[in-house]
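Trainee: Sequence:
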Amino acid sequence: MDRALELEPGNIKALCDKAAALIALGKLHEAADVLRKLVEVDSTDTKALLDLADVLEQMQEYDEALEVDGKYLQSGAPSSGVIRKLSVIYLIKGNYDEALAGYDMLLAINPMDLTAVRQRAEVLWYLGRYSEAATAYENLLNKRTNDDFSRYLYASALANAGRTDETAEEFARLVATNANNTAALFALADLLCRAGKYRESARCYDKLIGLCPKNSLVHLQKALMLVKLGSIPSFFEECEAALIVDPKNPYVLSGLAFMQMLCNRPVEALAQLERAERAGAADLDLLYCRGLICLLQNRFNLAVLAAEQILEKHPNHTPAWHLKGRALEAAGDLRGAVDCFTRVMDLANAETGEY
Numbered sequence: 024m025d026r027a028l029e030l031e032p033g034n035i036k037a038l039c040d041k042a043a044a045l046i047a048l049g050k051l052h053e054a055a056d057v058l059r060k061l062v063e064v065d066s067t068d069t070k071a072l073l074d075l076a077d078v079l080e081q082m083q084e085y086d087e088a089l090e091v092d093g094k095y096l097q098s099g100a101p102s103s104g105v106i107r108k109l110s111v112i113y114l115i116k117g118n119y120d121e122a123l124a125g126y127d128m129l130l131a132i133n134p135m136d137l138t139a140v141r142q143r144a145e146v147l148w149y150l151g152r153y154s155e156a157a158t159a160y161e162n163l164l165n166k167r168t169n170d171d172f173s174r175y176l177y178a179s180a181l182a183n184a185g186r187t188d189e190t191a192e193e194f195a196r197l198v199a200t201n202a203n204n205t206a207a208l209f210a211l212a213d214l215l216c217r218a219g220k221y222r223e224s225a226r227c228y229d230k231l232i233g234l235c236p237k238n239s240l241v242h243l244q245k246a247l248m249l250v251k252l253g254s255i256p257s258f259f260e261e262c263e264a265a266l267i268v269d270p271k272n273p274y275v276l277s278g279l280a281f282m283q284m285l286c287n288r289p290v291e292a293l294a295q296l297e298r299a300e301r302a303g304a305a306d307l308d309l310l311y312c313r314g315l316i317c318l319l320q321n322r323f324n325l326a327v328l329a330a331e332q333i334l335e336k337h338p339n340h341t342p343a344w345h346l347k348g349r350a351l352e353a354a355g356d357l358r359g360a361v362d363c364f365t366r367v368m369d370l371a372n373a374e375t376g377e378y
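Reading the sequence shown from the start, the letters are residues 24 to 378 in the numbering used here.
Hints are computed from structural coordinates only; laboratory data are not their basis.
There could be a bad hint or two in this list.
Here are the in silico distance ranges between beta carbons for each label pair [unchecked claim]:
hint, residue 1, residue 2, range
1, T138, M368, 55 to 63 Å
2, Q81, Y149, 20 to 28 Å
3, M368, F172, 47 to 55 Å
4, G355, P236, 50 to 58 Å
5, N372, T205, 21 to 29 Å
Think about it this way: if two alpha-carbon atoms lie no more than 30 Å apart in a straight line, the pair counts; the simulated DSSO-like pairs of lysine-lysine are [said to hold, decoys possible]:
hint, residue 1, residue 2
6, K108, K94
7, K251, K271
8, K220, K230
9, K108, K70
10, K336, K271
11, K70, K50
12, K50, K94
Ideal Cβ positions, reconstructed from N, Cα and C, are used throughout, including at glycine.
Please take these sequences and the hints and turn them into a complete structure.
Mentor: As structure tokens, this is what we get:
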């Protein structure tokens, strides 16, 4: 091949053979160069255009792949496969409007193209057009009634569209079909909790814990739901169960610290805060919690320090300014307290537009 190309650089057969050999060897960059040369020699060679687009896509050179696929379409050759490839590339690049147009073209060619129906629904989801996405998934499920994955996406689209009752029905249907469908069970538990149906939600979480006893997130979510039921002792029990599974989970430790503080147990709360911080938790709410506890314990200098650490990272953190003002007031620094409370009022006025 190389000898033939030395004698005749534009030898189409030799270029085709060399490109095929390079692709087989996985030498995609070199193959792309040969295919570019082949297209340059014969711009009507649709196979070379397709091969070049495939190689470019494997190299993640999506912009050039789109350009080459566009040239293929201009040739008037059969186009469904190329339109599908273009749509996928647009989807990967986040060009959702262009991807949607491609899937619409595919469905105009073949309305029974269920792959295009599913991918079109996915694009509508990414565009935030959840009601339309739900309709698209519903159409797909009319043809694929046992497609649990699409039904899950359908339920999620309904949820984002605010159609709560229909969402619950679809997640419940998935769980009824497969009691071990943990994704649907978790989604249903969360949905029921947000709808205020706490006891039904608790039953879902209990089933999840039975299926996934070592999943600390499920224990934590159930614990948070138990707070809404007013069952504080059960909250602590569930958090302890989560810590048996994952003793250094910063979210569980943080939750315990906050609840200990709300239950007026400052010593226990501080102990949990220290455990949470050692586990890697470092959010501003923890600092604020520490500051409040120090204020309750009359450790005003430490309360001020916690507030200042927050304000160093977030200068407009209104609760931190209020915390600092209360600590300074309690410590007798009235001028400093007034400055802090003035700052609180300024921030409040800025939010409402009142001055």
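Trainee: Next step is simple, just say for each hint if it's right about the structure.
Mentor: Taking the hints in turn, this is what the structure says about them:
1. T138 / M368: 55 to 63 Å: About 59 Å separates the Cβ atoms of T138 and M368, which means 55 to 63 Å holds.
2. Q81 / Y149: 20 to 28 Å: 24 Å, holds
3. M368 / F172: 47 to 55 Å: 53 Å, holds
4. G355 / P236: 50 to 58 Å: Holds - the Cβ-Cβ distance for G355 and P236, about 54 Å, lies within 50 to 58 Å.
5. N372 / T205: 21 to 29 Å: Because 48 Å falls outside the window, the suggested range is violated.
6. K108 / K94: 13 Å, holds
7. K251 / K271: It holds: about 25 Å lies between the C-alpha atoms, which stays within 30 Å.
8. K220 / K230: 16 Å, holds
9. K108 / K70: Given that 30 Å is the threshold and the Cα spacing comes to 15 Å, the pair holds.
10. K336 / K271: 25 Å, holds
11. K70 / K50: Holds, because 19 Å separates the two Cα atoms, which is no more than 30 Å.
12. K50 / K94: Given pair K50, K94 holds - Cα atoms ~24 Å apart, limit 30 Å.
Of the numbered hints stated above, the single one contradicted by the structure is hint 5.
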